[in-house]
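So the chains spell out like this:
Protein chains: 2
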Amino acid sequence: MIKIAIDAMGGDNAPKEIIKGCIEALENEKCKATLVLVGKEDVIKKELQKYKFDQTRIEIKNANDIITMEDSFSAVRTKKESSMCVGLHLVRDGEVKGIISAGNSGALVAGATSIVGRLKGVKRPVIAPLLPTKKGYSLLVDGGANVDAKAEFLHQFAKIGSVYMEECLKVKNPKVGLVNIGTEVEKGNQLTKEAFKLLSEDNNINFIGNVEAREIPSGDADIIVCDAFVGNVILKFMEGFGNWVFSIVKTEFTRNIKTKIAALLMKKGLTNIKTKFYYNNKGGAPILGIRGLVVKVHGNSKAEEVKGAIFQVEKFIRKDLVKKISAKFEEE
Amino acid sequence: MIKIAIDAMGGDNAPKEIIKGCIEALENEKCKATLVLVGKEDVIKKELQKYKFDQTRIEIKNANDIITMEDSFSAVRTKKESSMCVGLHLVRDGEVKGIISAGNSGALVAGATSIVGRLKGVKRPVIAPLLPTKKGYSLLVDGGANVDAKAEFLHQFAKIGSVYMEECLKVKNPKVGLVNIGTEVEKGNQLTKEAFKLLSEDNNINFIGNVEAREIPSGDADIIVCDAFVGNVILKFMEGFGNWVFSIVKTEFTRNIKTKIAALLMKKGLTNIKTKFYYNNKGGAPILGIRGLVVKVHGNSKAEEVKGAIFQVEKFIRKDLVKKISAKFEEE
Chain A
0 MIKIAIDAMG GDNAPKEIIK GCIEALENEK CKATLVLVGK EDVIKKELQK
50 YKFDQTRIEI KNANDIITME DSFSAVRTKK ESSMCVGLHL VRDGEVKGII
100 SAGNSGALVA GATSIVGRLK GVKRPVIAPL LPTKKGYSLL VDGGANVDAK
150 AEFLHQFAKI GSVYMEECLK VKNPKVGLVN IGTEVEKGNQ LTKEAFKLLS
200 EDNNINFIGN VEAREIPSGD ADIIVCDAFV GNVILKFMEG FGNWVFSIVK
250 TEFTRNIKTK IAALLMKKGL TNIKTKFYYN NKGGAPILGI RGLVVKVHGN
300 SKAEEVKGAI FQVEKFIRKD LVKKISAKFE EE
Chain S
0 MIKIAIDAMG GDNAPKEIIK GCIEALENEK CKATLVLVGK EDVIKKELQK
50 YKFDQTRIEI KNANDIITME DSFSAVRTKK ESSMCVGLHL VRDGEVKGII
100 SAGNSGALVA GATSIVGRLK GVKRPVIAPL LPTKKGYSLL VDGGANVDAK
150 AEFLHQFAKI GSVYMEECLK VKNPKVGLVN IGTEVEKGNQ LTKEAFKLLS
200 EDNNINFIGN VEAREIPSGD ADIIVCDAFV GNVILKFMEG FGNWVFSIVK
250 TEFTRNIKTK IAALLMKKGL TNIKTKFYYN NKGGAPILGI RGLVVKVHGN
300 SKAEEVKGAI FQVEKFIRKD LVKKISAKFE EE
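Taken in order, these protein sequences are the chains called A and S. Note that numbering that gives the first Met the number 0 numbers the first sequence so that position 205 is 204, with each residue one more than the last. Note that numbering that gives the first Met the number 0 numbers the second sequence so that position 177 is 176, with each residue one more than the last.
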């Protein structure tokens with residue numbers, strides 16, 4: 000039986016939407032796991048009273064403190080009784096196979112590293128979100144863990160990402176691209192020039208070379224490698240720019256009676272467009288390279304995203320993702 | 000009388016669209032300048048035969064070689080007879096006040112630095128393109144010159160950008176934002192942490208703090224400061240992602256008879272949306288911090304962009320932009 004911990008107190012909509020997402024996941028036959036809700040017991044119990052559910056599939060693990068969005072990443076050292084820390088300890092001690100949190104990203108990465116621990120041979124863990132593309136999804140590594148990266152970290156992210164795409168998204172021989180300012184070999188800053196060399200020399204990954212940011216949406220590279228600063232810029236710019244484009248489209252569609260009729264005629268099309276970019280229901284972003292499954296969902300996640308992340312973590316566990324990543328580093 | 004050199008051989012559509020843009024600029028009363036077309040004399044003469052124009056306002060400066068898009072930036076050292084190098088020498092020797100090129104960016108930055116030369120006190124030149132935002136335009140510094148930047152370069156870019164926005168876009172006390180992975184002071188990589196400190200300490204610029212990539216489209220910061228690697232990622236991702244969004248919108252609008260009617264009803268709205276993002280007619284991106292005006296236009300520029308860049312350079316010259324930037328560094 001698979002057990003997954005849920006940080007019931009993390010994120011902007013905790014505990015309400017987090018717990019709602021758990022209940023909705025349990026109601027879906029895709030989910031076979033038991034969920035361990037970590038947080039203030041009385042708060043969780045009160046929230047659970049709203050729902051009918053299979054009592055045998057929800058457990059509560061009390062944790063009196065909360066790491067907030069404003070806390071520094073070092074809160075994982077000072078707030079040991081927080082829902083995040085208590086949950087990460089459950090992973091470390093093998094009481095659950097994974098944890099999902101919508102809480103403070105920096106703290107979650109720090110806690111994943113210091114409490115759960117890195118896999119042998121892995122120098123840095125990596126946050127691995129999926130980006131929507133023309134062809135489906137590409138994996139962005141690093142989406143937020145290491146802002147001052149070294150070339151050898153980027154090389155490891157490519158290896159970890161390749162395992163993920165092969166095992167979890169069934170992409171055969173996934174193509175790895177290095178985010179760079181030009182496609183030519185000699186292009187880039189010091190970091191990407193060194194990383195290019197390491198990636199080229201590794202015959203165990205399918206390195207297709209440099210990828211300009213313009214080409215990321217094409218989906219030609221299954222795995223997009225960059226440091227977390229650049230990864231964060233890509234993720235957040237996509238969000239901000241996308242929201243702006245859609246707000247302008249909305250303004251134009253509501254301008255007058257003619258455009259409102261157009262909106263009605265285009266209703267299905269507009270939904271198609273939104274679905275293409277609204278990818279939160281694909282779940283969260285796993286922190287990979289550690290000895291358990293830690294998945295970060297967006298701070299403002301609603302039940303839908305939490306549910307998606309539960310399905311995702313269960314899939315990762317069934318695929319034995321951690322063990323398969325570990326195997327790649329033991330070979331060395 | 001203002002003279003501006005035009006690299007007639009640079010870019011994907013040279014010389015045809017470059018020369019067409021020059022003719023169109025001369026036909027517009029906004030333009031009072033004389034244009035010096037630099038390139039192969041016979042090719043330029045042949046192209047000019049297509050048009051009627053005021054012969055006194057076009058000069059030809061012969062240059063037998065061409066720096067191609069495939070050349071390395073060091074081509075400015077080896078191809079001294081190229082249109083780009085000959086044109087840059089005209090700027091250096093004061094025969095023209097500025098030059099516009101759609102050619103190889105790396106070579107143009109290298110040539111601007113080595114042939115025209117940096118202003119006293121300026122450590123690195125910077126490419127400064129305008130980004131469309133909700134409020135109009137923000138200036139991105141660095142859009143492509145220095146991929147391995149130091150904090151002191153970023154500080155200088157903020158100063159240079161402030162002069163540009165005040166003088167050329169009439170923004171009073173323009174707000175400077177530092178691209179970062181969070182808004183809090185302590186966030187960032189080593190480069191942005193150091194740059195934050197320098198920017199905070201400078202009372203002569205209006206530093207508003209860190210700006211997440213998500214907030215760039217809001218236009219709250221008039222000047223967006225980052226290294227050229229990050230700047231390149233922002234510019235190119237915006238281009239690629241924007242093109243993808245519009246291609247999806249197009250697909251949905253042409254799906255069936257209903258959606259095609261919607262497209263007709265929305266015709267004006269769709270043009271409004273495109274205009275908002277199609278900002279090439281605002282001209283090119285100046286390379287600032289050097290002893291003359293060098294403006295880079297997109298490699299695939301058509302006549303429209305070349306014309307816009309000519310208006311822009313003439314404006315820069317009338318505003319005495321180079322001198323005003325220089326003054327900021329002489330004060331030190």
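Don't take each hint at face value.
As the list claims (entries may be wrong) - With a straight-line cut-off of 27 Å between C-alpha atoms, the simulated BS3-like cross-links for lysine-lysine are:
(1) A:266 / S:266
(2) S:259 / S:273
(3) S:119 / S:186
(4) A:267 / S:119
(5) A:149 / S:196
(6) A:266 / S:249
What the hints assert, rightly or not - Covered stretches of chain A, going by a simulated chain S footprint (3 or more residues, C-beta under 8 Å):
(7) 42-48
(8) 54-62
(9) 141-148
(10) 253-260
(11) 299-311
What the hints assert, rightly or not - Take a look, some chain A residues computed to stay more than 10 Å from chain S by CB distance:
(12) 29
(13) 67
(14) 91
(15) 165
(16) 325
Derived by calculation from the structure, the hints in this document are not laboratory data. Every residue gets a Cβ at the ideal spot worked out from N, C-alpha and C, and that includes glycine.
Each hint, compared with the structure:
1. Restraint check: the Cα-Cα separation between residue 266 (chain A) and residue 266 (chain S) comes to about 17 Å, which is no more than 27 Å; the hinted pair holds.
2. Proximity of residue 259 (chain S) to residue 273 (chain S) is assessed by CA-CA distance (about 18 Å); at most 27 Å being required, the pair is judged to hold.
3. As the CA atoms of residue 119 (chain S) and residue 186 (chain S) are separated by approximately 33 Å, the hinted pair breaks the 27 Å bound.
4. Between the alpha carbons of residue 267 (chain A) and residue 119 (chain S) the distance comes to roughly 60 Å, so the proposed pair goes past 27 Å and is violated.
5. This hinted pair checks out: residue 149 (chain A) and residue 196 (chain S) have alpha carbons roughly 24 Å apart, not beyond 27 Å.
6. Taken as a hint, the residue 266 (chain A) and residue 249 (chain S) pair is honoured in the structure, with Cα atoms around 14 Å apart against an allowance of 27 Å.
7. Look at the stretch 42-48 of chain A against chain S: 0 of its residues bring a Cβ nearer than 8 Å to a Cβ of that chain, fewer than three, so the hint is violated.
8. Only residues whose beta carbon comes within less than 8 Å of a beta carbon in chain S count, and the stretch 54-62 of chain A has 0; fewer than three means the coverage is violated.
9. Evaluation of the coverage hint for the stretch 141-148 of chain A: fulfilled, as 3 residues show C-beta separations to chain S shorter than 8 Å, against a requirement of three.
10. Proximity of the stretch 253-260 of chain A to chain S, defined as three or more residues with a beta carbon under 8 Å from a beta carbon of that chain, is established by the 4 residues found.
11. Interface restraint, the stretch 299-311 of chain A with chain S: violated (0 residues with C-beta to C-beta distance below 8 Å; minimum three).
12. The claim that residue 29 (chain A) lies off the interface holds: its Cβ sits roughly 28 Å from the closest Cβ of chain S, which is beyond the 10 Å cut-off.
13. The claim that residue 67 (chain A) is not at the interface with chain S holds, since no C-beta of that chain comes within 10 Å of its own (minimum 13 Å).
14. The Cβ of residue 91 (chain A) sits about 27 Å from the closest Cβ of chain S, beyond the 10 Å cut-off, so the non-interface label holds.
15. No beta-carbon of chain S is positioned within 10 Å of the beta-carbon of residue 165 (chain A); the least distance is around 26 Å.
16. A cut-off of 10 Å between C-beta atoms confirms that residue 325 (chain A) is not in contact with chain S; the least separation is 29 Å.
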